[in-house]
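Position 316 of the sequence shown, counted from 1, bears residue number 315 in numbering that gives the first Met the number 0, the numbering being contiguous throughout.
For the record, the hints were derived by calculation from the structure and aren't laboratory data.
Accuracy of the hints is not assured; some may be wrong.
[As the list claims (entries may be wrong)] With a straight-line Cα cutoff of 27 Å, these simulated DSS-like cross-link-like pairs (lysine-lysine) come out:
#1 Lys239 x Lys45
#2 Lys141 x Lys107
#3 Lys99 x Lys161
#4 Lys219 x Lys29
#5 Lys257 x Lys359
#6 Lys359 x Lys312
#7 Lys29 x Lys257
#8 Lys200 x Lys29
#9 Lys354 x Lys368
#10 Lys362 x Lys257
[What the hints assert, rightly or not] Restraint-style ranges between C-beta atoms, simulated for each label pair:
#11 Val217 x Lys260: 40 to 48 Å
#12 Asn262 x Lys68: 21 to 29 Å
#13 Glu140 x Gly206: 40 to 48 Å
#14 Lys219 x Glu304: 43 to 51 Å
By construction, the Cβ of each residue, glycine as well, lies at the ideal position given by its N, Cα and C atoms.
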Amino acid sequence: MNPYSTQLIEEEDIKAVIKALESSNLTQGKLTQDFENNLCEYLGVKHALVFNSATSALYAAYKAANIEKNNHAITSPITFAATANMMLECGALPVFCDIKRDGNINEKLISSLITPQTKAIVSVDYAGNSVEVKSIQDICEKNRLIFISDSSHSIGAKYQNKKIGTLADITIFSFHAIKPITTGEGGALVTNNTDFYEQAKLIRSHGVVKKELWNTDVIKSGFNFRMTEFQAALGISQLKKLESFLQIREEIAQFYDKAFKGNPYFFTLHQDMPHTTTNHLYPIILAPEFWCSKEDIFKALLQDELGIQVHYKPVYEFSLYKKLLGEMELPNARDFYRAEISIPCHQKMDLEMAKQSAEKILKVFENIKTCL
0 MNPYSTQLIE
10 EEDIKAVIKA
20 LESSNLTQGK
30 LTQDFENNLC
40 EYLGVKHALV
50 FNSATSALYA
60 AYKAANIEKN
70 NHAITSPITF
80 AATANMMLEC
90 GALPVFCDIK
100 RDGNINEKLI
110 SSLITPQTKA
120 IVSVDYAGNS
130 VEVKSIQDIC
140 EKNRLIFISD
150 SSHSIGAKYQ
160 NKKIGTLADI
170 TIFSFHAIKP
180 ITTGEGGALV
190 TNNTDFYEQA
200 KLIRSHGVVK
210 KELWNTDVIK
220 SGFNFRMTEF
230 QAALGISQLK
240 KLESFLQIRE
250 EIAQFYDKAF
260 KGNPYFFTLH
270 QDMPHTTTNH
280 LYPIILAPEF
290 WCSKEDIFKA
300 LLQDELGIQV
310 HYKPVYEFSL
320 YKKLLGEMEL
330 PNARDFYRAE
340 ISIPCHQKMD
350 LEMAKQSAEK
360 ILKVFENIKT
370 CL
C-alpha cells in the first residue's frame, strides 16, 4: 500500500533517538531547547515552543491570546477537528467561513462574519498551501483581531517568499507522523510576540514558575503538554532534511500535474497554487458527474493499493457541532468535500512510484460510470 503521506525515518534519525534515550534526561532537557532554537533559526522567528501535539499547541495559542468564554473565532470548516475543538475547550465558539477553490478560507467573506464577540481569525493552510496572508492581516489590523495560523500542514512553505511562521501573531505546526517532518506525535507554537510566548510556556507546563532552589509557584492553570527529549532529538534530525523532503514532494507533484493534465475526470490544485507549498497533500478534485461514484472510486483505488484519503469532512457536519450550531451548509465547503481525494505524495516515493500511481488512478476512472 502506497499511503497518501508517510514519514521517512533514516539511520541518522534512529541514532539521534537512541542517543537521547541513553542520556540522563528523557524530558525537560537540552534537546528540547535545541530543537526550539533550531526552529527559530530555520523560520526566522523570535520564539518557538515545542509541544506533545499540535492540538496542545493550538489550545495554548488560544489561551495565550485570551480567546475564552463568549468569544468567537472565525475559521475554516475544511480542517481537522482539533482547530475548532480547542476553541470549544477554551469556552469560545468557532464561526465557520466558506472556502475557495483551493480549499483555503475565502478571505473576502471574513469581514461579513465579524461581530463584537469576534476575537480572532484562525486560518488553515490547506494541504500546505498558504492562505492569502496580506488580506487576513489587513482585516485583523482594521478590526483589532488576533491572527492565528493553523499551519499544521505547512512547515517550510512560503507566502510571497516569506516563510510561514513569520506572518501571523501565532503560528502552529504539526510534527505528526504523516507531516513533512515528524517527531511521532508533536507540534510547535511560534511567535514574535513575547507575551504570547510567555503565556503559552506557562500553559505547556502546569503554570509553574521556578524560583530559588526547590521553591516554585503556580501562577496560571496549565497542563503537561511537554515534548520528550527523544521526540526533540528526532525533530532536530528531521529538520535538517526538511528542504530535501519538500523537494521530493514537489517533484512528484509536478509529475502528477503533467500526467493528469487535460483529463476529463478531475482537476488538481497544485498546478494553480500561487505560493510555495509543502505538498503535505496532493488533492484531486472530482468533476461533478463523478461525485455520486466517489465511494466506488475510493474502494477501487484502495483495491489497487493506493492509500488515499479524503480531507476533510466539514467540521460543522459533525454531531457535536450540529448540536452547538444547528444545521448549516456552506456550499463551497460542501462541494469540496464531495469532490476531494488525496492521493500519494511523500518523500518515500520516487518518480517511478508516482508514474505507477498515476496510471492506476486514470485506469480506475476509465471504468467508473458518471452520474449525469
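Structure-based check of all given hints:
1. With a CA separation close to 19 Å, the supplied pair lysine 239 and lysine 45 stays within the 27 Å bound.
2. For a cut-off of 27 Å, the pair hint linking lysine 141 to lysine 107 stands: about 14 Å separates their Cα positions.
3. Straight-line distance between C-alpha atoms of lysine 99 and lysine 161 comes to about 22 Å, which keeps the hinted pair within the 27 Å bound.
4. Distance restraint check for lysine 219 and lysine 29: the Cα-Cα separation of roughly 25 Å lies within the 27 Å cut-off, and the hinted pair is therefore satisfied.
5. For the hint linking lysine 257 to lysine 359, the alpha-carbon distance of about 15 Å falls within 27 Å, and the restraint holds.
6. Taken as a hint, the lysine 359 and lysine 312 pair is honoured in the structure, with Cα atoms around 25 Å apart against an allowance of 27 Å.
7. Distance check on the hinted pair: lysine 29 and lysine 257 sit about 46 Å apart at the alpha-carbon level, beyond 27 Å; violated.
8. For a cut-off of 27 Å, the pair hint linking lysine 200 to lysine 29 stands: about 16 Å separates their Cα positions.
9. The hinted pair formed by lysine 354 and lysine 368 meets the criterion: a straight-line CA distance of about 24 Å does not exceed 27 Å.
10. Pair hint lysine 362 plus lysine 257 holds up; C-alpha atoms about 16 Å apart against a cutoff of 27 Å.
11. For the hinted restraint 40 to 48 Å between valine 217 and lysine 260, the CB-CB distance of approximately 59 Å leaves it violated.
12. About 50 Å separates the C-beta atoms of asparagine 262 and lysine 68, a value inconsistent with the hinted range of 21 to 29 Å.
13. At about 31 Å, the beta-carbon gap between glutamate 140 and glycine 206 misses the expected band of 40 to 48 Å.
14. Between lysine 219 and glutamate 304 the beta carbons are some 50 Å apart, a value that agrees with the proposed interval 43 to 51 Å.
Of the hints listed earlier, those the structure fails to meet are numbers 7, 11, 12 and 13, in rising order.
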